[in-house]
Amino acid sequence: MTRPFLVLQTTLASRLITAASSLMLCFGCASKMQQPNGPLTEYDPDSLQLVEDLCRPWGLKYDRVDGVSLVVGLAGTGSDPPPSAERDSLLTEMKVRDVDKPNQVLASKATALGLVSGFIPPGARKGDRFDIEVFVPRKSETSSLRGGWLLLARLREYAMVKNRIASGRVLAHAEGDVLVDAIAEAGDDPMMLTRGRILGGGVVLDDRRIGLGIRDGYRSVKTSIRVSDAVNERFHMYSNGRKQGVAKPKDDNFIELLVHPSYRENLVRYMRVIRNISVRETPIQRAARMRSLRDRLFDPPTAALTAIQLEAMGQEAVPTLREAMQSGNPEIRFYAAEALAYINEPSAADALAELARQEPAFRWRALTALGALEDLSAQEHFVELMDEESAETRYGAFRMLRKISPDDPVIDGQLIGGRFHLHKVRSLAQPLVHVSK
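My numbering puts the first residue of the sequence shown at 12, with every later residue one more than the last.
Note that these hints are calculated values from the structure, not bench results. On a predicted model such as this, the values are computed, not experimentally measured, just so you know. A few of these clues could be false.
Have a look at the derived ranges for each label pair, beta carbon to beta carbon [claimed, not checked]: (1) Q441 to P311: 33 to 39 Å; (2) A440 to G138: 34 to 40 Å; (3) K72 to G252: 31 to 37 Å.
Note that CB positions come from ideal geometry on N, CA and C, so glycine has one too.
With the hints as extra help, turn the sequences into a complete structure.
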């Protein structure tokens, strides 16, 4: 017998030091150098040049954006804001929008001045949504924002320049229902009633660039092109049916990166993998390095870092990673399966689903990696995982399935009151109600 599983879903680097080695050919005739099974000496770790030796990551920080707007529809809990720079800014905005008698509007108990703040994630695309926080100034007499609606706010970056606050261009818009904590009461902390969120209320206006900055001492057009070529040999994607690399050299000190679809939910890992791509390496050197990395992969203390570097090598690392996925050590097995998933190797699906069930320490990473697979088996595993007793596993599986296949009938939901989604999910486990904020 199945029981209901209810989910209330709102609308909404450091350098990796690996013991990589470079190939040293034996002394002898040229014919021996071309023999694939010829004798090899130990690696010289310093001879391998990786992307991270030449570049540093750029654009991985969250951008804080702020603004001011009017909260309307309050049930007599608003107030006339006192004189301030925020009030002046709001009045200017209201005049630009031809609001009739703006001072009278501000004086109404049905309105309140709201300060708006949010964080745009790295790699965000135009049209992406993010959560917004709305709160009143410290000296405001507004007693509650419950039931309010934030009118359109234009959000910018602000910074201190020569002891003065300077504003940048508009990076996002925000508006929508202000949701105050449902259990907040006036007798508790009054501040709780004057702070709220708009879930998914922020909209990104332009793509946020990420990339690689060429390190001092290596800056040149040649280096920029060479690094881009190495990255594009490993990563490409399709746009309007046309194959293109993810790296584009912009000048002698910057390479712009597109986010590969497999890493949309794990941008930090994407950059770690890119930084471990070799820039210059002969096939013989590469084969020898692969043998060295295999040994390190089967050693638990070095398995995590080694899996990243194997992932950076792409498809040719699949046999080694598959072998490690059969290890009796769950840590080695996980790191191998995780890397295989981001290479889009379907054989990783079963191992990741098993690890999500049995190893809480790996659970969220296993679910995220499983969601990166472009294979129907991943969706099937997510459906099965929603029968697990663990609430973390069940909701994690629901969340990832909703991201990769929002129209899947298993998680079909309905929009209620234009404010939140209610999903009824069938499950063999004990009943569960999950509310996401």
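Evaluated hints:
1. Q441 to P311: 33 to 39 Å: holds (35 Å)
2. A440 to G138: 34 to 40 Å: holds (36 Å)
3. K72 to G252: 31 to 37 Å: holds (34 Å)
Every hint, counting from the list given before, is met by this structure.
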